[in-house]
Amino acid sequence: MKKIILVLFILVFNLNAKNYRLENPDAWSAKNVESAIESIYGKIEPIEGKIKLKAPKVASNGSSIPIFIKTSIKAKSIAIFQDANPESTVAIFNIQKDQIIDLSIKIKMKKSGNIYVLLEGLDGKFYSKEIYLDVAIGGCEG
Amino acid sequence: MLLLVDVKDKGGIMKKIILIFSLLTISVFSLDIVEPTKVKIKIKAKENNGIVKVKAAISHEMLSYDQAKKKGKKVNFITHIQAFVKENLVYDVYTSQFFSKNPFIKFKFVGKKGSKIKIIYTDLKGQSFYDIKKIK
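Protein chains in written order, with the numbering used here: chain E, 13 to 154; chain U, 113 to 248.
Bound conformation, chain U alone (with noise of 0.2 Å):
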């Protein structure tokens, strides 16, 4: 790498490209990627000419700051809803505290009946959760 610097290197464009990359790289390694957990989830999701519905009920405490401060315990509620058909985003959220308690989602999408369709969520702690359901 450092050869191909010195050979081509005219407006030092490829020493900065080198050093984008392997800022990217040590971002990826340094920022350890948790693993999603499997949990219960209950979820629905039927096909019906063509479109397919979901509905998915999450229990979760869901404790927004002045809830947690009442019972005096740790904030928590989930910050990010994801649902994925084969890694094709079909559905994403961005939540914040004031979503009920045991949230439940319900959305629709264009899909077909056999596929298994994957929710994850992430809470405040930034840990996530998962569950798998075939589409009836």
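Bound-form chain E, shown alone (with noise of 0.2 Å):
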């Protein structure tokens, strides 16, 4: 009966943002990038590239890493995820109409790593971006 209320709540109020914590509580725990990805969007095959990803190739401090996204696909949705902390996922966009992709917010890092960025295209299509960059002190550890 709660999970019934429960969908009932966000189908009502929820209708033009997805709230993926309640609805992939999954994706939060996944230790790896794939299986972030499958509890999200399910199994798909994203085209590479189309996304400018900065990020600094060498962070210095792990606690505080900037990193800028910006494209001119018209999205849905953009999710960050990294494979050096214990969990992957980092951030889920919900891009609204009026909003322009150029996005920067501030992760931190426990070790060098990958950071993978997938944008969910009004089109449908999926595209991917990935870049490696180096931590020289570690951001996790507090």
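Relax, there's no trap hidden among the hints.
Now the stretches of chain E that chain U is said to cover, found in silico as 3 or more residues with beta-carbon under 8 Å:
| id | stretch |
| --- | --- |
| 1 | 30 to 43 |
| 2 | 63 to 77 |
| 3 | 91 to 103 |
Quick caveat, the hints were computed from the structure, so don't treat them as lab data.
No residue lacks a Cβ here, since even glycine has one placed at the ideal position from N, Cα and C.
With the hints in hand, could you dock these two chains into one complex?
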């Protein structure tokens, strides 16, 4: 019964924005990028490129790494993953219709690793980009 | 309502509809929606050629599970950040424990000068906080 209430609640109040915390709880505990992607979008074959992803090649401090994402593709959502921390999902954006995709966030990474960005286009296709960066001092030890 | 059911009900559809509606109202009242409290968020919002650039710095510890274990504190991090202009959603992100301490976000959207931007964030405990700033 609780589940029905929850689903109805989501349907009524989140018509235009998907709640990834409630609907995809597995995504946040996934241990690697592949399983995280599968738990959110299912089995997909993304096209590589077409996204500008910028991050410093060598991050001196792993506790605050700036990431820049820029693209002209019309998107529905964007997800960011990495493979250095115990869990891989970093953030999932619901892209709004007024929004211009030129985002920047700061993340933390335990060690050197890959940052993987996946874009869900309005055309139903998926686009991806991956970069490797070195981390001098890990940022998850506290 | 019961009368309506008796008169027009043929396949039990009305009953189902009423059941769903009552469930909805119950769900709305049972989930006590917590009013967000006002805090100070550093927000800079500037308009140029119809495009608004927003920079925001939220002060939050963002303790991940590992960090909290080492420090002996409770885990707490921001799980959801939203930005509104006149009840119109312009930014929506579900975040994880791997955002840096005092998370800093930048984004752009199509908007006008003079309107107000409201940034809301919710943490793992379910508390939400907001701040409002005028777009320059």
